[in-house]
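Could you build the full structure based on these sequences and the hints that come with them?
The letter at position 87 of the sequence shown is residue 86 when you use numbering that gives the first Met the number 0, and the numbering goes up by one with no holes.
No lab work stands behind these hints, which were simulated from the structure alone.
Since the model is a prediction, treat every value here as computed from it, not as a measurement.
Heads up, the beta-carbon is just placed ideally off N, CA and C, and yes, glycines get one too.
Any given hint could be a false lead.
Now the in silico label distances, taken between C-beta atoms and shown as ranges [to be verified]:
no.	residue 1	residue 2	range
1	Gln102	Lys40	34 to 40 Å
2	Ser119	His80	26 to 32 Å
3	Arg135	Gln54	23 to 29 Å
4	Lys164	Glu47	30 to 36 Å
5	Gly110	Tyr136	43 to 49 Å
6	Lys77	Leu159	34 to 40 Å
7	Thr45	Gln160	36 to 42 Å
8	Lys40	Ala150	31 to 37 Å
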Amino acid sequence: MATAVYPGSFDPVTRGHLDIIKRAAKINDHLIVAVLINSAKNPLFTVEERVALLQECCKDIPNVTVEGFDGLTVEFAKKRHASVMVRGLRAVTDFENEIQLAQTNHALMPGIETMFLATSIKWSYLSSTIVKEAARYGSNISKFVTPNVEAAIHAKVEQLQAEGKTI
Numbered sequence: 000m001a002t003a004v005y006p007g008s009f010d011p012v013t014r015g016h017l018d019i020i021k022r023a024a025k026i027n028d029h030l031i032v033a034v035l036i037n038s039a040k041n042p043l044f045t046v047e048e049r050v051a052l053l054q055e056c057c058k059d060i061p062n063v064t065v066e067g068f069d070g071l072t073v074e075f076a077k078k079r080h081a082s083v084m085v086r087g088l089r090a091v092t093d094f095e096n097e098i099q100l101a102q103t104n105h106a107l108m109p110g111i112e113t114m115f116l117a118t119s120i121k122w123s124y125l126s127s128t129i130v131k132e133a134a135r136y137g138s139n140i141s142k143f144v145t146p147n148v149e150a151a152i153h154a155k156v157e158q159l160q161a162e163g164k165t166i
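Below, the structure is given as structure tokens:
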């Protein structure tokens, strides 16, 4: 077994992400959940907030650590001596983008393999975007996220509304 990296924005972390984390942790010696700073996205939470939320969600999984990072994921993985990159697939539509990323990563860093895990059917429809949209309109999101994440989302939505901003 090996050290693996599961990268993502996790804005916010969902029960679908946690499903992948738990399953990847079972088949790797060490799993690093890598919270990326994605310049192409306008996140709801700062990277520090996302790391803290994930640390709370993963505190009972002994071989999981959470770190924030900026830059190429393969460079981060190399610095952490990881040999596996974990990627979750919700639907066939995810595959085209994910295979392109995997092939690019392999070209950049041949020693790092990509492991695809199909999201459990229970969470195959779920995305961070859906959670944020539901929260924006006051829907109950408790089935999509853990209680700490739900509380953080509600607090952030209230903060943004008080500032006259939207998600």
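Next on the checklist: Looking only at beta-carbon atoms, does the pair Thr45, Gln160 fall within the given range of 36 to 42 Å?
Outcome noted: Given about 18 Å between the Cβ atoms, the range is violated.
Checklist entry - Range hint 23 to 29 Å: satisfied by the CB atoms of Arg135 and Gln54? => result holds, 25 Å
Next on the checklist: Quick check on a hinted range of 26 to 32 Å for Ser119 and His80, using CB atoms only.
Outcome noted: holds, 29 Å
Checklist entry - Regarding Gly110 and Tyr136, is the given constraint of 43 to 49 Å on their beta-carbon distance met? => result About 46 Å separates the Cβ atoms of Gly110 and Tyr136, which means 43 to 49 Å holds.
Checklist entry - Is it true that Gln102 and Lys40 lie within 34 to 40 Å of each other by Cβ? => result violated, 23 Å
Next on the checklist: Within 30 to 36 Å: is that where the Cβ-Cβ distance between Lys164 and Glu47 falls?
Outcome noted: For Lys164 and Glu47 the Cβ distance comes to about 19 Å; the hint is violated.
Checklist entry - For the pair Lys40 and Ala150, does the Cβ-Cβ distance stay inside 31 to 37 Å? => result About 22 Å separates the Cβ atoms of Lys40 and Ala150, which means 31 to 37 Å is violated.
Checklist entry - How does the Cβ-Cβ distance of Lys77 and Leu159 compare with 34 to 40 Å: does it lie in that range? => result holds, 37 Å
In summary, the structure is inconsistent with hints 1, 4, 7, 8 from the numbered list given earlier, while agreeing with the others.
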